[in-house]
Amino acid sequence: TMKWLLLLGLLALSECVIHKVPLVRKKSLRKNLIEKGLLQDYLKTHSPNPATKYFPNAAYAKESTEKMENYMDAEYFGTISIGTPPQDFTVIFDTGSSNLWVPSIYCSSLACAFHKQFNPKKSSTYQATDKTVSIAYGTGSMTGILGYDIVKVGSIDDTHQIFGLSETEPGDTFVFAPFDGILGLGYPSISSSDATPVFDNMWDHRLVSEDLFSVYLSSDDKKGSLVMFGGIDESYYKGSLHWVPVSYEGYWQFTMDSVTINGKTIACADSCQAIIDTGTSLLAGPTNAISKIQRHIRAYDNSEGEEVVKCSDVKSLPDVVFTIHGVKYPLPASAYILKEDDVCTSGFEGMDLDTSSGELWILGDVFIRKYFTVFDRANNKLGLAPAV
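With mature numbering (1 follows the signal peptide of the UniProt record, and there is no 0) applied, the sequence shown corresponds to residues -16 to -1, 1 to 372, in that order.
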């Protein structure tokens, strides 16, 4: 399902070759749980907090264990293969983490039984290590071993790539998840067990011509969502890219100026820190600030414990405007209200996280669907422009 140009040998850095990796939208975890009559029980027994994915103990602290969260409505996935002959896996391309891992035959957890499992014995190019990996989640965890193999993304062979083979995935967090594993696209500084991230390994081997990648997430099932490695395709956005400096080279973090509704500052009055995260479905922020937004968009708790609005109200709801590096990025209700099974759910989620810079916002898929995003590692900056 992915379309990359095959590169034979090293690319000249002057070339501008874009490798497009199509992403698909699959049935969400929420949909799976509804069909099995398990949504209400899941919400009662799980309290997902997106803050657990970031800075597990102290802000900007590098830990051997990186905390992440399984977001219930994650929807965008791509297919990669590992080994020789190739074994296929569906993964989230996640800019909010930096490790690649997939389930393995060594895993006895129920979640692994429900997903594809990598078998190193069937790969002639697999190289074992004595290293382990342990990643804690807000509602579960995974542990495993690290190994090396060829990771094929489209038709690019990412050789000698280190990745995690899960041995345990306790609990039911990933049992009904519509993906097998995660491919992290954050900075190496937050990689658990110091494993080299996939994009860094590709750049080190000059498999991409520019040290950047970009993301386009479609707002419907007709247009193809893409991760683009090594370049920028102007056909996926309107106008010009506005560049934002990265304020912390771990997650793709930057300084946001303010959050306003109808010209009135609702939150982030004196600037705040934010993160662009493809691995988060919703748009998360401090609980008090998100509560104000929910009131302005007339959201309320339903019987399932979700924040919903009346679908008939959507057209009359205000834009929520995020000002970043002096540029306004409005989100209309059509972007922040998610409709599924005639239920209109708010795309905002409250969280609380203390960092050395104060409150933290997570701009997930709700934001990225509206704004094409370039992740520029060479210059440590983000490029944003309205998506087509």
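In short, the hints are calculated from the structure, not lab data. Where hints are given, some of them may not hold.
Result set (BS3-like, lysine-lysine): computed pairs, CA atoms no more than 25 Å apart in a straight line [as the list claims (entries may be wrong)]:
no., residue 1, residue 2
1, 276, 312
2, 276, 222
3, 276, 294
4, 299, 312
5, 294, 323
Here is what the structure says about each hint:
no.: 1; hint: 276 with 312; verdict: holds, 20 Å
no.: 2; hint: 276 with 222; verdict: violated, 31 Å
no.: 3; hint: 276 with 294; verdict: holds, 18 Å
no.: 4; hint: 299 with 312; verdict: holds, 21 Å
no.: 5; hint: 294 with 323; verdict: holds, 10 Å
Going through the hint list in order, the structure does not satisfy hint 2, though it satisfies all others.
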